[in-house]
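Please take these sequences and the hints and turn them into a complete structure.
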Amino acid sequence: MSNKLRSHGKSVVVWVLLAMLVLGLGGFGMTNFGGRTTAIGSVGETEISVNDYARALRDEMNAATAQIGRPFTIAEAKQMGLDRQVQGRMFGQAAVSEAARQIGLSVGDAEIHRQITQARAFQGLDGKFDRETYRLALRQEGYTEVQFEERLRADAARSIMQAAVAAGVKAPAGVVDAYATYLTEERTISYAEITGADLTETVPEPTEEMLTAWHQDHAGDFTRPELREISYVWLSPEMMADKVTLDEAALQAAYEARKDDYVQPEKRMVEKLVYPTTEEAAAAKARLDAGEVSFADLAAERGLTLDDIDLGEPSQGDLGAAGEAVFALETPGVVGPIDTDLGPALFSMNAIIAEQNTTFEEAREELSAEARMDRARRLIDDARADLEDRLAGGATLEQMADETDMELGHISLAPNTDEGLAGYEAFRDAAAAVTAEDFPELGSLDDGGVFALRLDGITPPALIPFDEVRDQVEASWRAAETAKLKLARAEAIKAAIEGGATLGSQGVLVSTVGALQRSSFLENLPATLVDTAFDTAPGKAAIVEGDGKVVVVQVEGVNAADGASEDVAQMRQLLETRLAQSVANDLLDFYARAAQAEAGMTIDSTAINAVQAQMQ
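Counting from 1, one number per residue, gives the positions in the sequence shown under UniProt numbering.
FYI, nobody ran anything at the bench for these hints, they're computed from the structure.
Any given hint could turn out to be false.
Said to hold, decoys possible - Pairs of lysine to aspartate or glutamate, EDC-like flavour, derived with a Cα cap of 20 Å:
1) K128 - D339
2) K494 - E556
3) K78 - D604
4) K285 - D339
5) K243 - D381
Structure (structure tokens):
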């Protein structure tokens, strides 16, 4: 199992936060796996529970769903090998946990208490640890407090073991040098786009025979797409808006219900960094005041990112004892140390958000528009049953338009049609699937509207007669002939350069870039030009085609980047960090394999299949 420990760098608190994010979305929706099977396998005495596997697999599937914009199925996950990746990672983690267990590695109750009370997912509205929130979250996930805390203890021990295995890993200097040289190298190039003015020949006048042959040979460019003739009726909230009467009392109630949106106290954008002691916090504040470090640097020293310490946009009351000091700042700055429930802390105020006080009269127009559309959608929803009954009873679209508020229309639908009702995906999908034998059915639109449609006929794809598109055919032919002449001219220029001439001596407009980098982008030129320039030897020339353009590029020189520059130094540091992380990941993978081999590994395929079956 490869790629076992790619997530080893996550702290326990991060794991908690991720778990609670899932809880905030209503849980996994998994049913109890029941029976006597509680694990999908084990490494030594360390088991991997079916619930932990289900959570991990569901997390990966949710991430894939967010990326592709639609539900990601277990069948797709298995096809991509996502299930095996999750299994590999979990068995790798179990192997390290088993190694930690065998040597008696653990953490104390104080550390577990600190991690739980500092986890924002377990804090109440006042920003303090809330035991009821903690218990509810665990109950929703199927944990007892003892089980969850033992899980944290095991995860913490595994993190310590992972850190020990990967500690001190450095990227090989030779590899860093090679990558840095490759990525920071710059080139001086000259290039010239071959235009019509650069051609030594002109495009001849085409004969009718040549154009008709071009029309036939490139029929796909001159073919009318399939058209589906669709008759439809539809009803949208906008159509029903005039039938809506608004109740002033309802508008006032809507304003009161949303008052938090319209009336908000002054707020601040704040970050909070907690220290074990007041002395450590004061020392950090002194370094900050002296300009030795930034707030982000202080967070990094404690193994945190700015996201980890971000409090969002609290009001003064939300900040408790720190509220007065933070809100006393008139410009961004840092205050503290201030005692909090979690310990002495520094607070960084980054921006002031002015109070908002929108009156009912000021919000009335917005509330009216929303209420009108909401009421219109309800009217449509109330009418849905009657509309469905009429269609089921055999009413035609024309009768629906005569007897209800629905409007009749017709559209010649091509694959790329997106005007009017064809702008709705639901309508396009239904129109693409309907057959002549289908009876009209009521469909729903994203904005709360409804529609029904009928297929009146299909016009198959057909070659447009030459006489109707003669001008387009001639333009296409001329463009192709011009491209041939441009390429021939570029080939002649390239041959001249290879014979010792320069690009500038070829009678074309030449541009020069003195510090071209691999990440550079040259506007209005083919996207492959930069890559081609770095693949071409100094003094040589190459031809680049793309976006209807032909460009000759000549490499004038190769320039090594200044190793003393700040940009190059940052690049080297980034490379060292990433390569070291890659080496550390590989080392952890090897260690996990060795731990598995030593402790022994069992896999319960039946349990794995049971978990996956409940995700169908």
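Hints and how they fare:
1. The hinted pair formed by K128 and D339 meets the criterion: a straight-line CA distance of about 13 Å does not exceed 20 Å.
2. A C-alpha spacing of about 14 Å is found between K494 and E556, which places the hinted pair at or below 20 Å, so the restraint holds.
3. The suggested pairing of K78 with D604 holds, with an alpha-carbon distance near 17 Å, which does not exceed 20 Å.
4. The straight-line distance between the Cα atoms of K285 and D339 is roughly 14 Å, inside the 20 Å bound, and the hint therefore holds.
5. Under the criterion of a C-alpha separation no larger than 20 Å, the hint pairing K243 with D381 is consistent with the structure, at around 14 Å.
The structure agrees with every numbered hint stated previously.
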